[in-house]
Amino acid sequence: MTHARSGPKPAVATAEGRRVKAGLADRDGFLAWVMLLPSVVYIVALVGIPFLLAIAFAFSDVTTGDPSFDFVGFRNFDEIFADGVFWRALRNTLVFTLVSMVLIVLFGKILANILVADFRGKWFVRFLVLLPWTTPVALSTISWLWFLDSIYSPVDWVLRHLGLIDANIVWLGQPGTAMGSVIAVQTWRLTPLAAVIVMAGLVAIPRDIDEAARIDGAGFWRRMFEVTVPLTLPVIAVAGLFGAIMTFTDMTVPYVLTRGGPTHSTDVLASWAYFRGIEGGDVGQGAAIALFLFPLLLAGAIAILRTVRRWEAQ
Amino acid sequence: MTTDVVALRRKYARRHVAARCGVYGAAILAALVCALPFLWSVVSAFKQNQDLYNPESNPFFFNKPATPDHVTFLFTDTPFLTFVVNTLIVGAAVVLVTLVLALPAAYSLARLDRPWGTPMGIAIFMVYLVPPSLLFLSLTRVVVALHLEDSLWSMIVVYPTITIPVSVWLLIGFLKAVPKDVEEQAMVDGYSRLGAFLRIVLPLVFPGIVAVVVFSFTLTSSEFVYALAFVSASPEMVVSTGVPTQLVRGDVFFWQSLQASTVITAVPIAFLFNLFLDRFVTGFTMGAVKT
Chain B
957 MTHARSGPKP AVATAEGRRV KAGLADRDGF LAWVMLLPSV VYIVALVGIP FLLAIAFAFS
1017 DVTTGDPSFD FVGFRNFDEI FADGVFWRAL RNTLVFTLVS MVLIVLFGKI LANILVADFR
1077 GKWFVRFLVL LPWTTPVALS TISWLWFLDS IYSPVDWVLR HLGLIDANIV WLGQPGTAMG
1137 SVIAVQTWRL TPLAAVIVMA GLVAIPRDID EAARIDGAGF WRRMFEVTVP LTLPVIAVAG
1197 LFGAIMTFTD MTVPYVLTRG GPTHSTDVLA SWAYFRGIEG GDVGQGAAIA LFLFPLLLAG
1257 AIAILRTVRR WEAQ
Chain G
236 MTTDVVALRR KYARRHVAAR CGVYGAAILA ALVCALPFLW SVVSAFKQNQ DLYNPESNPF
296 FFNKPATPDH VTFLFTDTPF LTFVVNTLIV GAAVVLVTLV LALPAAYSLA RLDRPWGTPM
356 GIAIFMVYLV PPSLLFLSLT RVVVALHLED SLWSMIVVYP TITIPVSVWL LIGFLKAVPK
416 DVEEQAMVDG YSRLGAFLRI VLPLVFPGIV AVVVFSFTLT SSEFVYALAF VSASPEMVVS
476 TGVPTQLVRG DVFFWQSLQA STVITAVPIA FLFNLFLDRF VTGFTMGAVK T
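Sequence order for the protein chains is B and G. Going by this note's numbering, the first sequence wraps up at 1270, each residue one higher than the last. Going by this note's numbering, the second sequence wraps up at 526, each residue one higher than the last.
Just so you know, the hints here were simulated from the structure itself, not pulled from any lab data. A hint or two may mislead.
Said to hold, decoys possible - For lysine to aspartate or glutamate, the following DMTMM-like pairs were computed, each having C-alpha atoms within a straight-line distance of at most 25 Å: (1) G:Lys415 <-> G:Asp312; (2) G:Lys411 <-> B:Glu1167; (3) G:Lys415 <-> G:Asp348; (4) G:Lys246 <-> B:Asp1105; (5) B:Lys1078 <-> B:Asp1166; (6) G:Lys299 <-> B:Glu1167; (7) G:Lys299 <-> G:Asp312; (8) G:Lys415 <-> B:Glu1167; (9) G:Lys411 <-> G:Asp513; (10) G:Lys246 <-> B:Asp1022; (11) G:Lys246 <-> B:Asp1172; (12) B:Lys1078 <-> G:Asp424; (13) G:Lys246 <-> B:Asp1074; (14) B:Lys1078 <-> B:Asp1022; (15) G:Lys411 <-> G:Asp424; (16) B:Lys1078 <-> B:Glu1167; (17) G:Lys411 <-> G:Asp312.
What the hints assert, rightly or not - Quick look at which bits of chain G chain B covers, simulated, 3 or more residues with Cβ under 8 Å: (18) 255-265; (19) 268-279; (20) 299-305; (21) 330-339; (22) 443-453; (23) 469-479.
C-beta atoms are modelled at their ideal positions from N, C-alpha and C, and glycine is treated no differently.
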């Protein structure tokens, strides 16, 4: 069996002998399927089918009180389109995602550069830097709820004592600052992930390229923008897409921090779907809202696919 | 001549010192920005009410003597420990299911050279992009139909949908790093293909397995949407939903206890993750580059 593996098409070359001699545990084609099948079946059952079900719900009148399925066509969509909150949530989602993504990539790149440098106490710094990402989102966000408290906020305390503000800014009580807070917390918690991904790219840069640039007299900034950034661009793109996708589909930060308020100014599609579908009990409408997450996700997925393809080609 | 060299040397030495200062400055700033909230959490957790609920008191120091009362309260008077135990149970079970399903799948995709290997690998990775916020409504129905609502089992059954795709991706990278000769030699020695995988290859990718365990556990403990939608009974809640919903009574937040619970949960996970960060970083590039 072993000699067959080095040939280009082992299965065809020795198919006859294989059938006679090899036990099931030795047949690559059979094994490949058997080993993959459990995962595929599991994913189809708990991702594929629920996904189709979600689409079906969007066209139904299912509610938590009345779970019987009746087809209602586009009624759910008509209703959510007529509701101003949906459009607000859609716009909020786009703002939330775009701004967070740009900030996450920017800070993630800077952080990655710091983390690959050599310095003493690096282990401890890495530990501190990882904290925002490894902490369960709901917990770190509830801590932030205190840091942005209208009366006792430590952030305001610092700003007051630096003389930057006279009275507390009610961060979560005004539409603009509430959105700013949600974006800041999201950026704070996802930047370490982006940094780890970019680090993977930085580590993979061959040392001699950097050294050659150094010998040729290129300074820090020149090496950064003419060597490091172009070479790690695919990884930076992946970090950005991860940040975008995780922000686009996230409802935890707005849910815990502002519950979508004040007056829906921080409601995003995911949180609005939750409020409608679970707390409001209208599963059909909730599903219809959540479905709007899909087209942009698909675009993100295709973008990742292309990046991966380009890597393969290299 | 010599003065030139000396001057040049001095210039580079100065530049070196400046660069070192820059690195340390940047590192300290990064650590502060990321961890300052946790410092506030630690300090607040031990503050007396009069100290905490005073807008003028310094958030960095104790203005009244520190008290452990609120941390004790967290352990004795709230279901926090139950949440921790539940999180550990769910985490362990999910990690186990993930490994049992993802390891063979990754091996199949990385090593058994089927023509559908690469597209299938990418397809599985894409599943990771289908978010809980899109599926939770229909999965809640599925969970109810299986009579798993308000039970830890709901999370154990559903969470691997999040962990398996990433784990397969990471494991493919680690498996491809094992030289093919190793298996071929094992098969010459009389192992079957399956035997070679179980006895020879698995021990070699142990570092990868550890990385996957840590990563899956981190994802599981952070998950919020499913846990919120599936479980509404306090004894079956995990930390990520239990703390924000049960440590708040109406408008009354047990702030010190909340802050303590955040730190107590955050530190061990970050510590573990930091231990395996390098492996995770290499795994990510290998999976991506060599697929």
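Each hint tested on the structure:
| no. | hint | in the structure |
| --- | --- | --- |
| 1 | G:Lys415 <-> G:Asp312 | 57 Å, violated |
| 2 | G:Lys411 <-> B:Glu1167 | 29 Å, violated |
| 3 | G:Lys415 <-> G:Asp348 | 12 Å, holds |
| 4 | G:Lys246 <-> B:Asp1105 | 50 Å, violated |
| 5 | B:Lys1078 <-> B:Asp1166 | 22 Å, holds |
| 6 | G:Lys299 <-> B:Glu1167 | 56 Å, violated |
| 7 | G:Lys299 <-> G:Asp312 | 24 Å, holds |
| 8 | G:Lys415 <-> B:Glu1167 | 33 Å, violated |
| 9 | G:Lys411 <-> G:Asp513 | 17 Å, holds |
| 10 | G:Lys246 <-> B:Asp1022 | 78 Å, violated |
| 11 | G:Lys246 <-> B:Asp1172 | 18 Å, holds |
| 12 | B:Lys1078 <-> G:Asp424 | 45 Å, violated |
| 13 | G:Lys246 <-> B:Asp1074 | 21 Å, holds |
| 14 | B:Lys1078 <-> B:Asp1022 | 57 Å, violated |
| 15 | G:Lys411 <-> G:Asp424 | 22 Å, holds |
| 16 | B:Lys1078 <-> B:Glu1167 | 23 Å, holds |
| 17 | G:Lys411 <-> G:Asp312 | 51 Å, violated |
| 18 | 255-265 | holds (count 7) |
| 19 | 268-279 | holds (count 8) |
| 20 | 299-305 | violated (count 0) |
| 21 | 330-339 | holds (count 4) |
| 22 | 443-453 | violated (count 1) |
| 23 | 469-479 | holds (count 5) |
Hint violations for this structure: numbers 1, 2, 4, 6, 8, 10, 12, 14, 17, 20 and 22, all remaining hints satisfied.
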